[in-house]
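There are 2 protein chains.
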Amino acid sequence: MSSFHPDRDQLLVEHVLAALGNPVRLSIVRELASSPGERTCGSLPLEVTKATATHHWRVLREAGITRESRAGRAKAVSLRRADLDQRFPGLLDAVLAATPPAREP
Amino acid sequence: MSSFHPDRDQLLVEHVLAALGNPVRLSIVRELASSPGERTCGSLPLEVTKATATHHWRVLREAGITRESRAGRAKAVSLRRADLDQRFPGLLDAVLAATPPAREP
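Going line by line, the protein sequences match chains A and B.
For what it's worth, my numbering labels the leading residue of the first sequence as 1, then goes sequentially.
For what it's worth, my numbering labels the leading residue of the second sequence as 106, then goes sequentially.
Read the hints as simulated data drawn from the structure, not as lab findings.
Just so you know, even glycine gets a beta-carbon here, dropped at the ideal spot from N, CA and C.
It is possible that some hints are incorrect.
[What the hints assert, rightly or not] Which bits of chain A does chain B cover? Going by a derived footprint, with three or more residues having C-beta under 8 Å, they are:
1. 21 to 28
2. 31 to 43
3. 47 to 53
[Stated by the list, open to error] Some but not every residue of chain A turned toward chain B, in silico, with C-beta under 7 Å:
4. 59
5. 82
6. 88
7. 90
8. 101
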């Protein structure tokens, strides 16, 4: 059984923004962006429970940010960078370029 | 009493993304972007209850997307466009440029 992946033309910017607007999911996207290609989900350093991780993977996939496939018994995931760049030019680059806030003095 | 507004340097991209990742708030931001300057909150066409609108105004303000002030007995609101553009270059432009999804055939 394969999981739902929205078509590129059907991506909604508010879903993409909401999916990116979470520190765990944003860290996943940064990690995927830093090493193009597929990664197994277990290879990403996530400090959350398996159930929480599963929720975040689903939100990212259903928003159209990631693509999942089976890699043997593991789940592999990749960033849909080309789809996102074509559908929402500049958005992912701007998000990835965002810096942390300045430290309070 | 004045409401909390985060300093530009303290804005968090995940808060901004989460605030924008909602259709009502995104429509508010689009409306504010289309007519620079202050608007009274009541002048924006929102099809939600007053309590819901108040919630959305607060989320936008606390994320650093809008600035609120008093305009007599009304509340005035403006987009913090310069702050957002300086803190997260290209982000707001990419969001505002996003188009709706293609219609299903």
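Each hint tested on the structure:
no.: 1; hint: 21 to 28; verdict: holds (count 4)
no.: 2; hint: 31 to 43; verdict: violated (count 0)
no.: 3; hint: 47 to 53; verdict: violated (count 0)
no.: 4; hint: 59; verdict: 11 Å, violated
no.: 5; hint: 82; verdict: 16 Å, violated
no.: 6; hint: 88; verdict: 5 Å, holds
no.: 7; hint: 90; verdict: 4 Å, holds
no.: 8; hint: 101; verdict: 5 Å, holds
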